[in-house]
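Let chain A serve as the given structure and place chain B on it in line with the hints.
Each chain, written out:
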Amino acid sequence: MARATKIIRNFYRDSVSLMQLSSTITKLPGVEQASAIMASPNNVALLVEAGLLAEPVEADANDLLIALQGNAEALESALAAAESALKQPSPSSTGNEQSRGMSPRSIEMGLGNFVGANLVLISTPGEYAAAEAFKALSLGLNVMLFSDNVALKDEILLKRFAQERDLIVMGPDCGTAIINGIPLAFANVVRRGVVGVVGASGTGLQQVTCLVDRWGGGISQAIGTGGHDLHRDVGGISMLQGLKALAADPSTSVIVLISKPPSPEVAGKVLEAASGAGKAVVINFLGADPDRVRRENIYPAATLEDAAAAAVALANGRTPEARRARVTSLSIAPLAPQQRYIRGLYSGGTFCYEASLLLKKELGQINSNTPVEPEDRLSDVWTSRKHTVIDLGDDLFTRGRPHPMIDHRLRNERLIKEANDPEVAVILLDVVLGYGSHPDPAAEMVPVIQKARDLASKAGRHLAIMGFVCGTAADPQNLSKQETAFQEVGVTLAESNAQAVRMAASVVRKPDVVGGRL
Amino acid sequence: MIQALFQEKLHVLNVGLSSFADSITRAGGSVLQIEWAPPAQGQQEVGRALARLVNLLSVETANQTAFDAYQAAQPVLKGVGTASRVLPNMAERMILHSGPPIAWTDMCGPMKGAIVGAILYEGWTENLARAEAMASSGEIAFEPCHHHNAVGPMAGIISPSMPVWMVTNTTNGYQAFSNFNEGLGKALRFGANGLDVITRLKWMGQVLAPALRASVELLGGVDLKPMMAQALHMGDEVHNRNAAASSLFLKRLISALLKTRTPAADIAAVVEFIAGNDHFFLNLSMAACKAMTDAAHGVPGSSMVTAMARNGVEFGIRVSGTGSRWFTAPAPIVDGLFFPGYSAADAAPDLGDSAITETAGVGGFAMAASPAIVKFVGGTPQDAIDNTMAMTHITVGRNNAFTLPALNFAGSPAGIDIRKVVDTGIQPIINTGIAHREAGIGQIGAGITRAPLACFMQAVSALAKMVSAT
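If you're matching them up, the sequences are chains A and B in order.
When we follow my numbering, the leftmost residue of the first sequence carries the number 1, and every step to the right adds one.
When we follow my numbering, the leftmost residue of the second sequence carries the number 519, and every step to the right adds one.
Chain A on its own, in the form it takes in the complex (with noise of 0.2 Å):
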């Protein structure tokens, strides 16, 4: 172990800068004990208990001692760095010397430099989201509650301390919403237009806001309330708030809403709010019967296309028709006897769910993992039996995985699994576009839908793969060139689920038609 000494005459620095030379030097490779001190008597004889020096060196308070102790070699060149790096200008003078903000870490230091705020999106696990709404409503900031996972009881106190502050709760479990113009979390690029829909389903407002748009309409609000909302204990809170800004609202002329039934009461007072509004009111409660749903102002709507189609007209100061199932000209390859049975294969849940209600009308039981009735519910979801459709967005399948969505991988093996199935005849599937989804479906999907057809034929059979696109023109997708894709393999698009669904019926009730038409 050897020790070196150096001293700079008349060489002051204060002593903060010393102790990070000091510490500087100690790093330096063979140096055992490093410091540099300015040579007080004080100084030198803590340098001597210390070990650093062997006696006291003649020096003074103004000058600059270095002593280090280490392997021989080292110590010269270390000198010389310690040295050098004195008579440096320091790092710090050449700096960063523009000044830098830092980013915020709560919704409160956020509103701190982000003026004009007034809606927080909320996507955060769900065990965080409620207390993150809650501040965000007691700043007077409105909520878009995306995270799911959110207790019924916070839901209640969220929308009721926002109902006192005049502030909307979209959500929990709110997938979806349009707000002044801006398409928020997944949701599509839609025309802006006279039409405000209020939907407790995420996929059913991209379904409807997608269709007014590709039939020429425009979208002044969508409100998303989370599916929740029209619980008993919830009472439709952001429904009736929803429906009575858009009433409000000169932008908007026509209003659809959109649900699963509400509850009787829920019903009752979402109805006399809708007769009330003063506006034109299209109401989808998936499944109801249209009678008890029909009052002044109030047309009642069986499917999303019907909300979608009676808004349009109702825009254009029409009164809205009755639809039909538009199936035209759908030609389709003979079916082997065997193969009787539709297989749904759903990203989206109210999709999947009004697909089981327009099927269940036309062919009788259909399984699911989210059935209309409870004594249609699969007992393994991995299986499909007889009719079946599969909403792959549900908690059982995304469990530490992306939402099919975004992730294709489930469904295209599902896919695969399902035309391996002599017993099926036709694969229904939903591709949903827009802000959030995959960026390009088609290339996930076409190669295994190719594939699929492939296993099929293989086996003597033609397999029928029909579905719909919800999406826009103006979604970063781009719906004809997604279109365009699937239909280059095969797939028979139609305009919406409804649509899409019916005719996979119609191909399973007249599995006779041999090369025919529909």
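Source of the hints: derived by calculation from the structure; they are not laboratory data.
Idealized CB from N, CA, C, for every residue including glycine.
Just to be clear, a hint being listed does not mean it is correct.
Now the stretches of chain B that chain A is said to cover, found in silico as 3 or more residues with beta-carbon under 8 Å [what the hints assert, rightly or not]: (1) 844–858; (2) 934–943; (3) 966–976.
Residues on chain B that point at chain A, a partial pick, calculated with CB under 10 Å [claimed, not checked]: (4) Ala539; (5) Glu553; (6) Asp741.
Using the frame of chain A, we list chain B on its own:
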């Protein structure tokens, strides 16, 4: 009205998936991404308590009241007294220490050493071993300085016959106290208790204190706030750098000192002592800060921190709206630079009442005024400004009296809000000295540390309970 939203431009704060923010931007919308992490270290119950307090009118109003009282405080050095005579509830066999309450057996090395030194200083015994036995026997009461309106740096030891600074907040008439600073190196506050230390303490009691008492009397009091403000313009942050403030104080004192009947030799010794200690002003700064933050204490519902103090084992905070209760967590280790021959392995955990300065909006909170300080952790002057700016996000307001040249003379951020600390996870920054973990060795370095989040989390839970009970 909700439909009013439809007439405005949509401005979205995005909490969670950043891809949603990207989509909004691509769609031509206005969005700000929050750098979100579960608040309160993911403890949901604390997170929910916090949510109930955010922007709650009663808390906001209480904080304004507390902050106004803090801001209005005018700490004036009014005199020099003896602890047993002037400190409220000071008993004859009582020794005060820094930080939250702690039992003798749990104390850190420097605090034990300092207590032994104080027993020797008081003359309760002449023998070191006997002093230790007395300390552990329970015959001496140990209480926090803060429980007696006092503060002390490092071990913060105040025994009955020690001289203390007497500071009065002339706005409300309340007093705050601090002991005298002994200088660097081997000192009682670092646990040193050798003969040299005791001798110096005796001299401070017998010569320094009377000279200062007479001088302050002649001066009719010294306004401390303007002096601190001036020092901030001279490169001090009046916690870990007091070079300018100590000089200003000596300048203010010296003519009065010469007019007292103090013998010339003693005047020389007093001047030499003060001039030789760049931290002489620290204890005055601390007493002034204590007077200011005490003014804000006891406002029901207020979430403003009124004390941060460490006893070398635990870090504790007190909050205006939660009474005398301490919220504690293990004291952190200080990140800093060490004197020759020492390293982090030798360091005692964070120690002392001096974080009262940060509580009052100076020290680490005014680091922008004192770029030299940031070099303790290898930082740049820009880092000093950034540190001060970060504190603006966790404070109730700005102290107009403490302006910062580097920030265009904006006031220093002051009045730590427990809600904002827990919501942002930004921990209050503290500039501090580092004591050796063994008694009697003294200061071995200096650096920067952060107040533990756990203290603020407990305080949020407690305040939420109190607020919802009313």
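Hints and how they fare:
A stretch counts as covered by a chain when three or more of its residues have a beta carbon under 8 Å from one of that chain; for the region 844–858 of chain B and chain A the count is 4, and the coverage holds. With a threshold of 8 Å between beta carbons, the proposed coverage of the region 934–943 of chain B by chain A holds, since 4 of its residues qualify and at least three are required. Closer than 8 Å: that is the beta-carbon criterion, and the region 966–976 of chain B has 0 residues meeting it against chain A, so the requirement of 3 is violated. With a least beta-carbon distance of about 8 Å to chain A, the hint placing Ala539 (chain B) at the interface is held under the 10 Å criterion.
Satisfaction of the interface hint for Glu553 (chain B) is found here, the shortest Cβ-Cβ separation to chain A being roughly 5 Å, below the 10 Å cut-off. Taking 10 Å as the C-beta contact cut-off toward chain A, the hint placing Asp741 (chain B) at the interface is violated, the least distance being around 29 Å.
In the structure shown, a violation is registered for the earlier hints numbered 3 and 6, in ascending order.
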